[in-house]
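Keeping their order, the protein sequence lines are chains A and L.
Mapping of the first sequence onto the numbering used here: position 10 corresponds to residue 22, and the numbering continues sequentially without gaps.
Mapping of the second sequence onto the numbering used here: position 181 corresponds to residue 193, and the numbering continues sequentially without gaps.
All clues given are correct.
Since the list can't tell identical chains apart, any single copy or any two copies may satisfy a pair.
Taking lysine-lysine pairs in the DSBU-like style, the calculated list, with each CA pair at most 35 Å apart, reads: (1) LYS224 <-> LYS59; (2) LYS61 <-> LYS203; (3) LYS100 <-> LYS203; (4) LYS100 <-> LYS224; (5) LYS100 <-> LYS61.
Everything labelled a hint here was simulated from the structure, so no lab data went into it.
None of these values were measured; they are calculated from a predicted model.
There are 2 protein chains.
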Amino acid sequence: MEHIVKSYDAEIRELRSLISRMGGLVEDQLSAAITALSEYDVELAAKVKAGDRQIDDLEIQVENTAVSIFARRAPVADDLREIISSLKMSAVLERAGDYAKNIAKRTIAIAQERPVGFPPTIVQMSELAATMLRDVMDAYVRHNADAAMDVWYRDEQLDNLHNTAYRQLIARMVEMPDHINTWTHLLMIAKNLERIGDQTTNLAEQIYYSVKGTILEDTRPKHDLTSSATSGPDASA
Amino acid sequence: MEHIVKSYDAEIRELRSLISRMGGLVEDQLSAAITALSEYDVELAAKVKAGDRQIDDLEIQVENTAVSIFARRAPVADDLREIISSLKMSAVLERAGDYAKNIAKRTIAIAQERPVGFPPTIVQMSELAATMLRDVMDAYVRHNADAAMDVWYRDEQLDNLHNTAYRQLIARMVEMPDHINTWTHLLMIAKNLERIGDQTTNLAEQIYYSVKGTILEDTRPKHDLTSSATSGPDASA
Numbered sequence: 013m014e015h016i017v018k019s020y021d022a023e024i025r026e027l028r029s030l031i032s033r034m035g036g037l038v039e040d041q042l043s044a045a046i047t048a049l050s051e052y053d054v055e056l057a058a059k060v061k062a063g064d065r066q067i068d069d070l071e072i073q074v075e076n077t078a079v080s081i082f083a084r085r086a087p088v089a090d091d092l093r094e095i096i097s098s099l100k101m102s103a104v105l106e107r108a109g110d111y112a113k114n115i116a117k118r119t120i121a122i123a124q125e126r127p128v129g130f131p132p133t134i135v136q137m138s139e140l141a142a143t144m145l146r147d148v149m150d151a152y153v154r155h156n157a158d159a160a161m162d163v164w165y166r167d168e169q170l171d172n173l174h175n176t177a178y179r180q181l182i183a184r185m186v187e188m189p190d191h192i193n194t195w196t197h198l199l200m201i202a203k204n205l206e207r208i209g210d211q212t213t214n215l216a217e218q219i220y221y222s223v224k225g226t227i228l229e230d231t232r233p234k235h236d237l238t239s240s241a242t243s244g245p246d247a248s249a
Numbered sequence: 013m014e015h016i017v018k019s020y021d022a023e024i025r026e027l028r029s030l031i032s033r034m035g036g037l038v039e040d041q042l043s044a045a046i047t048a049l050s051e052y053d054v055e056l057a058a059k060v061k062a063g064d065r066q067i068d069d070l071e072i073q074v075e076n077t078a079v080s081i082f083a084r085r086a087p088v089a090d091d092l093r094e095i096i097s098s099l100k101m102s103a104v105l106e107r108a109g110d111y112a113k114n115i116a117k118r119t120i121a122i123a124q125e126r127p128v129g130f131p132p133t134i135v136q137m138s139e140l141a142a143t144m145l146r147d148v149m150d151a152y153v154r155h156n157a158d159a160a161m162d163v164w165y166r167d168e169q170l171d172n173l174h175n176t177a178y179r180q181l182i183a184r185m186v187e188m189p190d191h192i193n194t195w196t197h198l199l200m201i202a203k204n205l206e207r208i209g210d211q212t213t214n215l216a217e218q219i220y221y222s223v224k225g226t227i228l229e230d231t232r233p234k235h236d237l238t239s240s241a242t243s244g245p246d247a248s249a
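Excised from the complex, chain A in its bound form:
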């Protein structure tokens, strides 16, 4: 009996370790993508593009491990909740990895244009997104719902930076239309970073659910205003 219990625990630990590895890889990919962007490093960007495959493979491993636990252990209560959370977290991390990969692809395209520099807000966004991702994965390892919620609230800052980056890039499009391709890619990169922030809040919600057993009701006001941006006098509202 003890053998079976131990082995079950080992399987759950395996699942946690796969999720942690996914989170670590996404952090690495994000920070490499932004380094590549800042330094016009096409080689590094190509490495990030290729590296996404590892994250995809880990997602499949999470699913296979979860299916195997479901089929052989018939988990209930806390274990059931944790396994379902793991499936969802792996899907969210896979998507966050896709955003990092997309930043790398756009970096390669930007490097083919004449250099023009870009708003430092993009770098600030990427630093905040990377910190949020690291902190939410720490909260996951420590099974800490409060720490997860702390990350969840920080997404507001990232949304505010995104609003700023959006306005800066729209202004540059008008001032320097010769670089329109670069500005458009940067606009999409800023959007990718904002979406990575959204994914970390999804992770935070899953951690909360896994620890507390209840779904967090989303009552935080949405601060990303770029979908409603107008050129009128209230453009910065």
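Chain L: place on chain A using the hints.
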């Protein structure tokens, strides 16, 4: 015994019916969002924005139903596969619903700008995305892996339309910078439609997995080139 089997079947049917309802709602939201955009109908767009909540609620119902089946039935084999697929499909449909909602938000912003018209490619994209969504949900109901794969292949056409829309909008940004906000929102709307297409391929993959029991290896070449778009002579390559 027969009673238990029947009741189990009823639970699986309930799960399928929730997924079908989610798919139907996303179709409705998408087509309403595009009608609102074509007709500058702010009221309809606001209705789409508010309507997304129903899709979110259905996702929670899918999860609760799945958890209840896991906990009480300990599903194995085909049933286990189907329930895991349902969880994933509901997450994908929730995301597709978010894209429709985002189109509605941007429509409201565009309606506040001076009218300027927009490339018909956007409408073509939305029609194709809506058809793909409808067909993939039909494939789901009919448990038809071939029909799902057919949708999966059609995403290439949507990617090609997106490449065209992207080039058209970049050109208008340069020609008519006074309408930069409108062009930017339309660029993001085109991106949303392309992403809805990606979600339908995710649904197709889940249906394939659910019917065949093996994961479809993604070998289709990626045709969306906008992340690599440059302003050089190969810009249209």
